Amino acid sequence: MTIRKPFVVTVALLTLGACVSSPETKIASSQVGAALTTYSQSLQQFEGAWVDEIDLLIDDVAAAIVARATVARVDTLAAQTENFRNTDWRQEVADRGLVSLSREIDAERDRVQALLRLLDQLHVDVVQLESQELTPAERRERIVTRYRANVVESMATLDALIAAESNDQLRAELQRAKNNAVLESTQGPFVADPESMALYEIIVSLQAMRAAIPADMRNLTALVSAVRTAHESVDRWIQTDVTVPGEDLGQLVNAWSAAVGETR
Amino acid sequence: MRTLLLVTLASYVAAGCAGFDASAVRELTAAERTVLEQSRMRLSDNRQSVNDSLSDLAETVAYVLPQRDRVAANLAKAKLLESMKSPWAATAQTTTQREVALYHLFALSDAENAVLQQEIATRTARIDALRGTYAGLIRTLSALLAAQEQLLTHLSQPTSTQIMQVVNQVLIESQALRAALDTDNNPRLQRLYDGLVEREQALANAQERILMLIERIENEE
Numbered sequence: 001m002t003i004r005k006p007f008v009v010t011v012a013l014l015t016l017g018a019c020v021s022s023p024e025t026k027i028a029s030s031q032v033g034a035a036l037t038t039y040s041q042s043l044q045q046f047e048g049a050w051v052d053e054i055d056l057l058i059d060d061v062a063a064a065i066v067a068r069a070t071v072a073r074v075d076t077l078a079a080q081t082e083n084f085r086n087t088d089w090r091q092e093v094a095d096r097g098l099v100s101l102s103r104e105i106d107a108e109r110d111r112v113q114a115l116l117r118l119l120d121q122l123h124v125d126v127v128q129l130e131s132q133e134l135t136p137a138e139r140r141e142r143i144v145t146r147y148r149a150n151v152v153e154s155m156a157t158l159d160a161l162i163a164a165e166s167n168d169q170l171r172a173e174l175q176r177a178k179n180n181a182v183l184e185s186t187q188g189p190f191v192a193d194p195e196s197m198a199l200y201e202i203i204v205s206l207q208a209m210r211a212a213i214p215a216d217m218r219n220l221t222a223l224v225s226a227v228r229t230a231h232e233s234v235d236r237w238i239q240t241d242v243t244v245p246g247e248d249l250g251q252l253v254n255a256w257s258a259a260v261g262e263t264r
Numbered sequence: 001m002r003t004l005l006l007v008t009l010a011s012y013v014a015a016g017c018a019g020f021d022a023s024a025v026r027e028l029t030a031a032e033r034t035v036l037e038q039s040r041m042r043l044s045d046n047r048q049s050v051n052d053s054l055s056d057l058a059e060t061v062a063y064v065l066p067q068r069d070r071v072a073a074n075l076a077k078a079k080l081l082e083s084m085k086s087p088w089a090a091t092a093q094t095t096t097q098r099e100v101a102l103y104h105l106f107a108l109s110d111a112e113n114a115v116l117q118q119e120i121a122t123r124t125a126r127i128d129a130l131r132g133t134y135a136g137l138i139r140t141l142s143a144l145l146a147a148q149e150q151l152l153t154h155l156s157q158p159t160s161t162q163i164m165q166v167v168n169q170v171l172i173e174s175q176a177l178r179a180a181l182d183t184d185n186n187p188r189l190q191r192l193y194d195g196l197v198e199r200e201q202a203l204a205n206a207q208e209r210i211l212m213l214i215e216r217i218e219n220e221e
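Protein chains in written order, with our numbering: chain A, 1 to 264; chain B, 1 to 221.
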């Protein structure tokens, strides 16, 4: 007697206690698996778009700080040259023309850009050498403390340079730098401009926000991954028509629950 | 005889351990219900955190951009005054001349403000698009959790009309998200959009096949 293959398969399924999943359940299950993979990848694209937006805003805030300093410098120079009351500037303009005034403005812009770069580096130091768990306010406080310490260190060098400088003009410039350093050592990097300090605080907050994004997205990705892992077992059972033993299902749920707990 | 036995067995297996009925699905265990609830809570927690961050971002844009443009705005005014032949240099300006200069400056300021407001609106819209995308992703992931729940109820069960819900809700949320991204020109979100289009087509095809299978079963009954 010849026994056909479908007959054997059918009897085998019944004997083994297997329960055949319907084709529609199989289709639905495989679609859920594929969708979990797709949306997991979509989260990465979203994360990238979010980070880009924050980076753009950080650049804008930095540009706003530079703009404030530049406008303030122009205002100061304009006041100094008003009706040529200030003898130094009258002489300056007479000797070298208005280009020297323009250089003053450029120099101020460069100084503030360099200052922002230094503060960025100090921020990195604070996070790497102190703690990653600091609030934006704590970060700002520690960055400013480090900045003041740097300025105090530089003051000794300036004193030595002033003492050694024989050229009157260069000595005067060094003295101005020293005077500014004295102010910065007590009042912080933006001295008497609380608005620039407020803008800088925004940069620190945005940098903290940016740093927190991977954790937020990691949590979400881990959650999706936990669901996907659980689904892989469910899908395998469905696709292979296995009647799932209760203890196997219990183990799957326990593993899923543990993985979800870790996403907190 | 053999054929009859084969047909009987096959129909038993095809019918599975339960009939084609909405009530055929199994009840979830307490542990299964708990883990699904835990997963939904994690989604909700994450949503709160991300939305707070995006709201802060939108507020900051409106505060920062006007300050960023101060130098450019002042330069534009300086150039305008220059183009008016340095009106401040005239020693005996009439009131009318001064008013003309001031009105020109005012008009420039007004135009600059309009451009600035447009940029703020664009940036805010981009952040809103991020917020919308995120909400859409979370809704889709919630639908996938619901789908997983449905699949669990069908585990070791042959079929039921409820199986349609597995793909249906995911498809609806996916379509909503894609529609929201349709006009967005953010390149990263566009890549996300492209992935959605492909997945959505597969989901739609699957839904159609499931529908046909269910109709066939219903007709055969």
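Derived by calculation from the structure, the hints in this document are not laboratory data.
Be careful, since some hints might not be right.
A short list of chain B residues far from chain A (calculated; beta carbon distances all over 10 angstroms) [said to hold, decoys possible]:
(1) Ser39
(2) Asp56
(3) Glu82
(4) Val100
(5) Leu102
(6) Tyr103
(7) Ala111
(8) Ala114
(9) Leu145
(10) His154
(11) Thr183
Taking lysine to aspartate or glutamate pairs in the EDC-like style, the calculated list, with each CA pair at most 16 angstroms apart, reads [to be verified]:
(12) Lys26/A <-> Glu208/B
(13) Lys26/A <-> Glu173/A
(14) Lys77/B <-> Asp75/A
Remember, it's a predicted structure, so these values are computed and weren't measured experimentally.
Glycine is no exception: its CB is placed at the ideal position from the N, C-alpha and C atoms.
Here is what the structure says about each hint:
1. The claim that Ser39/B lies off the interface is violated: its Cβ sits roughly 5 angstroms from the closest Cβ of chain A, which falls inside the 10 angstroms cut-off.
2. The Cβ of Asp56/B does not lie farther than 10 angstroms from every Cβ of chain A; its closest approach is about 7 angstroms, which violates its non-interface assignment.
3. The non-interface label for Glu82/B is consistent with chain A: the shortest C-beta to C-beta separation is roughly 14 angstroms, beyond 10 angstroms.
4. Under the 10 angstroms C-beta cut-off, the non-interface status given to Val100/B relative to chain A holds; the minimum distance is some 23 angstroms.
5. With 10 angstroms as the threshold on Cβ separation, the claim that Leu102/B sits away from chain A holds: the shortest Cβ distance comes to roughly 19 angstroms.
6. With a closest Cβ-Cβ approach of about 23 angstroms to chain A, Tyr103/B is found to remain outside the 10 angstroms limit, as its non-interface label requires.
7. Against chain A, the non-interface label of Ala111/B holds: every CB pair exceeds 10 angstroms, the least being about 19 angstroms.
8. Interface exclusion of Ala114/B from chain A stands, the closest Cβ pair being 19 angstroms apart, more than 10 angstroms.
9. Interface exclusion of Leu145/B from chain A breaks down, the closest Cβ pair being 7 angstroms apart, not more than 10 angstroms.
10. A cut-off of 10 angstroms between C-beta atoms contradicts the statement that His154/B is not in contact with chain A; the least separation is 5 angstroms.
11. No beta-carbon of chain A comes within 10 angstroms of the beta-carbon of Thr183/B; the shortest separation is about 15 angstroms.
12. A hinted pair counts as satisfied when its Cα atoms are at most 16 angstroms apart, and Lys26/A with Glu208/B qualifies at roughly 14 angstroms.
13. About 80 angstroms separates the Cα atoms of Lys26/A and Glu173/A, which puts this hinted pair outside 16 angstroms; it is violated.
14. Our distance criterion of 16 angstroms between C-alpha atoms is met by Lys77/B and Asp75/A, whose separation comes to about 14 angstroms.
Violated hints, in rising order: 1, 2, 9, 10, 13; the structure is consistent with all others.
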